[in-house]
Each structure stands twice: as C-alpha cells, then as structure tokens.
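Engineer: One-letter residues, chain by chain:
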Amino acid sequence: MSKPVLSVRGLTVEFPTRRGLLTAVEDITFDIMPGEVLGVVGESGAGKSMTGAAIIGLIDPPGRIARGEIWLGEKRIDNLAPDEMRKIRGRRIGMIFQDPLTSLNPLYRISRQLIETIRTHLPLSESDARKRAVKLLDDVGIPDAARRIDDYPHQFSGGMRQRVVIALALCADPEVVIADEPTTALDVSVQAQIIDVMKEICAERGAAIMLVTHDMGVIAETADRVAVMYAGRLAELGPVASVIKDAKHPYSQGLMGAIPKLGENLDRLVHIPGSMPRLNAIPQGCAFNPRCPKVFDKCRIHRPAASEIEPGRRAACWLYPEVT
Amino acid sequence: MSDTLLDVRHLSRRFDVSAPWLNRKIEGKDKVYVNAVKDVSFTVAKGKTFALVGESGSGKSTIARLIVGLLEPTEGEIVFDGTSLARGLRGAEARRLRRRFQMIFQDPLASLNPRWRVVDIIAEPLRVFEKTMNDRARRIRVGELLTLVGLSPEDGIKFPHQFSGGQRQRIAIARALAANPEFIVCDEPTSALDVSVQAQILNLMRDLQDEFGLTYVFISHNLQVVRHMADEIGVLYLGRLAEVGEAEALFATPQHPYTRMLLDAVPDIEMTGRRRKKVEGEIPSPIDPPPGCPFHPRCPFANERCRIEIPGLTRRGVQAAACHAVEEGRI
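Protein chains in written order, with the UniProt record's numbering: chain A, 1 to 324; chain B, 1 to 331.
A few of these clues could be false.
Unchecked claim - Here are the simulated BS3-like pairs of lysine-lysine, each with C-alpha atoms no more than 27 Å apart in a straight line:
1. 278/B / 199/A
2. 261/A / 158/B
3. 131/B / 261/A
4. 199/A / 87/A
5. 131/A / 199/A
6. 135/A / 278/B
7. 75/A / 87/A
8. 135/A / 75/A
9. 261/A / 278/B
10. 278/B / 245/A
Calculated directly from the structure, the hints in this document are not laboratory data.
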C-alpha cells in the first residue's frame, strides 16, 4: 500500500472572538493517496473551505489551527513559518478557487501571471517558462494557446478563465491540488467540461485532488472517495459509490434524498427539518441530533467520533458499532 | 387541456447597450443592441407549473420581468386570463390585474428591506391592495401567512437579517401570498440555498400550489430542480425557445440538440454509469449572436441551412422544437 500524499490528523481550527471561542473545524482526520480525488461535501458553514484553507496555511487571523497535524508526504506543514509555507504553496500544493476573476490579476496578461508563477517555483529561463506555460494552456484545453497566452483575463469567457486558473495551479507540478468550488460559478455545460479537464490532467500527472464543493453531482462525477462534513465535523467518509447509494449517517441519507434527481419523479423530496446550527450554538453531543430522525438519548449527551464501521468507511454516528 | 391562464405571444425585448453618445460620435461607433428575448411564445395552463431553463444569458430572467411588468416588451404581447397586458395599461384596471400575480426573487436578502420588520414586509401588499383592512385584521392575516410558510407568528417582530437563507425565502413567499395571487413568477427561488434547505422550499411551494391552486412560472438553471417542479418546460438558448414540451416527454425524449446536450451535461448523481457525451463550446455573446440557428456553431448536426435560416418551432405531439434537423428528420 502506498503512502498518503496528504495526511490530516485530528485537525481543529478555532476562532477566538469577543463572544467566545468558535470551533470552525473539529477533529478532522483523513488521508489522500497519490492520484486520488477526495471530495469534501457539505452545506454552507460546514467547515469544508476552512479545512482547505488550513491545509494551505491561509486561515485568516484570528483563526488558528488549535490541534492536529497536517503531513505532506514526510513533511509536517501545519507548524511551518510563513516563508517556508510560501515555498510549498504553489510548488507542492496547487490551489483552484471558485471565482476565476478574483484569482487572476485583471491588469496582467495571462502570460505574465503564468511565467511569473513558473519561475518562482522552478529554475527555468524566461523562454523555457513561456514554452511550459503554452503547453499548460494547451493541456487544459485552451484553443490556440500560443496566441491567447498574451490576452488579458477579461478577454476569456468564464469557462476558459477557470481553465487558466487550473493551468496556474499546475504550473509547478504539485503533488496535491486543493480545488475549492471550482465549478460553482459556471453553467452546467461548462461545468461538465471543467470536470473532464480536471480529471484528465490529474490522472496524467498523478496529482491528488481535494475537491471541496456543495454539489453532490460534481462529487459523483469526479471523486474516488467522499467526506461529508456537518457543523465543522466529519459525518461520514467512504468510497463515492457506497456513500451515494448506501449512505450510513442520517445526515448523508437526508442530504442524498434532498437532491432532486433526473431519473425519478417524486411528489416530495426528503425533508430534513431545521438548518445547520451556527458555530456559537452547536448542540451538545452529536451536532446533528436536533434534526436527526433516528436520535436517541446517547446522541444528546455524547459526541460520536468518526470511527470505522466497515473496512474503508467511517461514520460519526452512534447507530453503528465500531468495527475492531 | 385545461384553461390557459397566461399566453405569451411572440415576445421580444431589446436592450440598448451602446456606448455614450459622445463616445459614439468621436469613435464613429454605431448603436449596439442586445436581443435578450426574441420571438418567444408559450402558454401556461391554470394550476400548472411552467418552467423556463437555460444557462446564463439565455434571457430567462428578462422573461420573468416582462411577465410581471417590471420591463416593457419591445414587441409581442402577454395575455393574462384573456386580458392583454399591453403597453400603456394603467390605472385601476392594471391594479386589479396586477394583484393577481406576484414574484419571488433569487436572493431574499436583496428582495426584503433590511430596515423593515418582517410583519411590515408581509403586510405591505395588504396595505396596497386591501385598503379597507384595519390594523388588527392585518396583523392576524400576517400571522396566518407566517404559519402557512412554516414560521411562527412571533417571528414577525424580527428583522430579515435574524433569519437563515431558507427562512428568508419563506418570508418572501409569505409576502407573495399576502395578496391572494393566482399566479407567481419564481426567478431562481432556490439557487442561493443549500440542498437540504432547497428541498424544504420546493416541498413548501408544491404544498402551497396544491392548497391554493397556484400557477407558477418557475425559472431555473438547475435541470434536476426543474424536473422535480415542472409540468411543462421551455428550454431557452440565446433568448429564443429551443424546445417546449411536457416535462416527462422532454426529459425522456429530448428533441433539440441543445436540450440533449444540456441533459447530457447534468452530473450522474445516481451513479448509473451512464457515459456522458463531451460537451462542446460555450454560449456565444448575445450582442453578436451567430446568424441562422443560434446553436449551430456548437451543434453536431448543423448543415448549410442551419447557418442561414432561423428555425421556427415545429410541434410534434406534446413537444415542439426549433430545429431544422428535427424537422427534416435528420436526427
């Protein structure tokens, strides 16, 4: 069995505020294997983007990693100094954000942004870096890359811009790419194209992807395994097909039932009452217990850990006895 | 066939997006127009849900605004329950018709006044339309409406920011229902919401439809949501209707190549292992649409005729598609 390229152990992110300590992410543990796509899914406020930000070391103060470790291969990266982290960010971990217009500088040509990124991380000459940049744009499916490289971001359409951002993330051949809602701002037909590009590129280069999204459809198309997050905690983790077809945690079951599907025509969708608790009002015990249809006494007092319920599957729910 | 409540006939709307006059004079530019909606016709039956789907720039929100009268059509006519809402409809007649339809917008934070209490927000249509209603009756009615959408009457004293996104959308729905409308135009009512909350709102909207016999025009870019809600669907592409038809039939046997492509692009969440066909290209700019059929640059079935002649809707059973290839039986 190969070693995980990225390993997150018991990660906890806290925000000290005037009104007390808010825990945005609590005790998250997962591994990503080389070449694997791990989907992280959850509703707004579930802590999925915060987990991504913690891995790349971009949590806004006063937020901080309170507990836990993050390992990139053999190197522990959660306690690095800012300038050491800067060498890893972009070089060994690539990033793709939701809105391509904000991740590209509108005043610089694409060529300058790509070449600068490549030369920051790799010892290449200007002309070699340019060749590499054209090759990258070509790989992500931008037609006539050699000419378009000298265009400005506003001259590209939304889908093409997101391709440029993917090329930018891949500049230095990173081992892991953190993609935070990469297709959310795009139309369905363009979204399908971007999913294809990401899958192809990462399969070719052997880069692992952590795909953060609220869209279960994108996960179903792209990911190998999926982690379902709720109120900053891991609810369930397992292979995509088994989580989608046979969700174990009552929250993932409700989430799957709440999505209208093309293949069926139901009168009513599954209804999870209420909404996700705010960070300052997370209930005692299991965070999902006030909304859970299968709640019992233990859930209201003790918090379940995400323990293994089947080989390769974890769920944080008292319904399932831990497999030892 | 049930009664027609809304009849949209050859509706077009053009927007002037020219540079300012002085720039045009100095730089020698012409006026520039966008045809946001071009020659769209459809009918909505009483008590049914008609959905408009399309990607960004397809003109779906413009149509919503034209129907409720926030915009005036450049050409064409909208007939509501036998009365034409033609340009120039003013005064008492207009007010009488207007109270029969309402609108729900995408972002409830933008459509609810942040400085008004919820009770005032919901009571506003009552103040406008029910002039004889006294304060007490109005307060009782607001309480009923809040209960109806799954909130409590005590929530009325709060401000919009004290609610979650889903609850805010419930408030918007309560306000829309305040005037007892028959017809509600919903412009992407759930696209700002999380899936579990979206399910709550969609369920609520269907319950209200059953209870009050409401008619919806439902606008969305999300095909799964449209499939769940609609009885009839119109697919828009660059301001024109590519295909209209009964929801079941349209999803089972899509005719227009664009509808087929759109359905293919929907992620396979049921993990059926269905192979997706590759989607080609993107929507062209509506300022400079391609001649002939607007979809021809992306269409695998396009031929010479498609590049020159704009196809009209041809009806076949419960579906109609605007496509030369379908009409000629090539696909």
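Engineer: Each hint should be assessed against the structure and marked as holding or not.
Structural biologist: Results of checking the hints against the structure:
{"no.": "1", "hint": "278/B / 199/A", "in the structure": "holds (13 Å)"}
{"no.": "2", "hint": "261/A / 158/B", "in the structure": "violated (36 Å)"}
{"no.": "3", "hint": "131/B / 261/A", "in the structure": "violated (45 Å)"}
{"no.": "4", "hint": "199/A / 87/A", "in the structure": "holds (26 Å)"}
{"no.": "5", "hint": "131/A / 199/A", "in the structure": "holds (23 Å)"}
{"no.": "6", "hint": "135/A / 278/B", "in the structure": "holds (22 Å)"}
{"no.": "7", "hint": "75/A / 87/A", "in the structure": "holds (13 Å)"}
{"no.": "8", "hint": "135/A / 75/A", "in the structure": "violated (30 Å)"}
{"no.": "9", "hint": "261/A / 278/B", "in the structure": "holds (21 Å)"}
{"no.": "10", "hint": "278/B / 245/A", "in the structure": "holds (25 Å)"}
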